[in-house]
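Protein chains in written order, with the working numbering: chain A, 300 to 564; chain B, 13 to 294.
Be aware that one or more of the hints could be misleading.
Here are the computed lysine to aspartate or glutamate pairs in the EDC-like style, where the Cα-Cα straight-line distance is at most 16 angstroms [unchecked claim]:
| # | chain 1 | residue 1 | chain 2 | residue 2 |
| --- | --- | --- | --- | --- |
| 1 | B | Lys-227 | A | Asp-426 |
| 2 | B | Lys-265 | A | Glu-349 |
| 3 | B | Lys-265 | B | Asp-240 |
| 4 | A | Lys-498 | A | Asp-426 |
| 5 | B | Lys-62 | A | Asp-426 |
By construction, these hints were calculated from the structure, which means they are not laboratory data. The structure presented is a predicted model; accordingly, all values stated were derived computationally and were not measured.
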Amino acid sequence: MDLQRTEHAFQEGLLGRSQDILRSVRGNARESAETMFGIYRHAYCARLVEALGNDLPGLKALMGDEAFDTMARAYVARHPSRHPSIRWAGRHLAEFLATETPYRDEPWFADMARFDWALAFAFDAADAPAAGLADLVGVPREFWGGIRLAFHPTLDVFRISTPVDDARPQLLEDAGVRPDRAARCERAIMAWRIGHDVKFRAVDMLEFSALQAMRDGAAFGELCELVAREVDLETAPLRAAQILQGWLEWGIVATVEHEGLGSAA
Amino acid sequence: MTEHAVRSLGFGLGLRPQHYPAILDGAPAVDWFEILSENYMVEGGRPLAKLMAIRERYPMVMHGVSLSIGSTDPLDMDYLARLKALAARVEPTIVSDHLCWTGVAGLNMHDLLPLPLTEEALAHVCARVDQVQSFLGREIALENASTYVTFANDAIPEWEFLAEIARRTGCRLLLDVNNVYVSAFNHDFRATDYIDAIPREAVAYIHLAGHEHNKTYIIDTHDHPVADGVWQLYAHAIRRFGAVATMIERDDKIPPLGELTAELAQARRVAADAPRQPAQVA
């Protein structure tokens, strides 16, 4: 068998799809080829399951070790790793949990995976300085409507329907904690990094919509209109300003840009 | 080949995040650190910041696990570009990876998989080493991996396979003494035959690590202290290769830094005593 066919047969053996490779490999004087090849086969799954557990500790604590192991093996079978770094092996896990039976029937799982992944992403995403409130000071009032924001490269924002943000810290303290899986919520999570510290914050759906709009390039004036559709016209500018102020105080904005003067950060 | 700077680095450790504070707050008795390249192929954050802070104080070697030099898939040029960028940042004394393959058909098994030791595989690996060294603009070192199976069509002993790669491509060898010990037990050959067949000048540096002995086979786990038999084989290697830079790898059940520096002190003693002692390895 040539090198290419040997490697493909070996990999098929690791994935449990074929045992043809056993005709081409040898064990030793004490153990069969099957036993010795089994070392590789066992290590393949074990290594990926361990990596997923390390990268998604909230999900592992929520599911429990045994259920997590079963789920992770099913995931690895469906989504074998394609990235040189094992760190990225779990990038499809939230989607897997949201769409695959039986996991899709428990929305806590996909939400927690999404949450874990956002925190892991923020940990080593690109460095960038954060803008602050001082970056708004020099913006003349007439240009406020045209303010646009570039968000911090570590920022991730996503909706959740279960209160995984409340449960995760307790689960990481004590995996024996059993959150009320009947609990539901309607909010979003922002995860990002300041310096070396990963942060997260829950926001309501109005702020989530505002954030989505400005991430898509909307100006502050459009944000005010969006807010005005949800609250009364008189308080809309104040609410919009509060939202903007919060983002700047939390450090999720990289630069503040406005028409006429260019970037203020 | 000329004497490479890496050979005189002294005694090093694998850099692990658990030890960042102890390294940065103290001055551990470590001459250099080896980093796992893939762990630092990230955009930013704490890993890169700590890496560069430690790099300011210590020489470094970059050691990867995903080059997949033996794969019949095309070389991953995106990976190589990231490796080259990291090397430009870290300025390592040398860049190393393994004689193995890690996947085909676009998949990554995240393991150091064995190659059939054939003329075809030898030519394939040599061509890819040439390609990698040309792209990176520097020579690399290839490590012998622990293996658990051999192939029915093996035609070349692994030590000759490695030596021939070094001869044809000019690449260096990262001799993992523990891996020689593990593979020798698993495949019933004499570990000293392996060491004795490796060209002296090709060895860039040496790895030491622990393993798990299961009576009928040994698994290269990197989660134990270096075994007695590996220390003896290391002494044999030092007698053959001279004072070659040496480091200890620990990837699981990672102890406090002090335990590893104590083990490194043992490596210093074994290396210092080796030339005065007769061969003791079976």
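Hint-by-hint comparison with the structure:
1. Lys-227(B) - Asp-426(A): Judged against 16 angstroms, a Cα distance of about 49 angstroms means the pair is violated.
2. Lys-265(B) - Glu-349(A): holds, 14 angstroms
3. Lys-265(B) - Asp-240(B): violated, 19 angstroms
4. Lys-498(A) - Asp-426(A): holds, 14 angstroms
5. Lys-62(B) - Asp-426(A): holds, 13 angstroms
Figure legend: structure checked against the earlier numbered hints; hints not met, in rising order: 1, 3.
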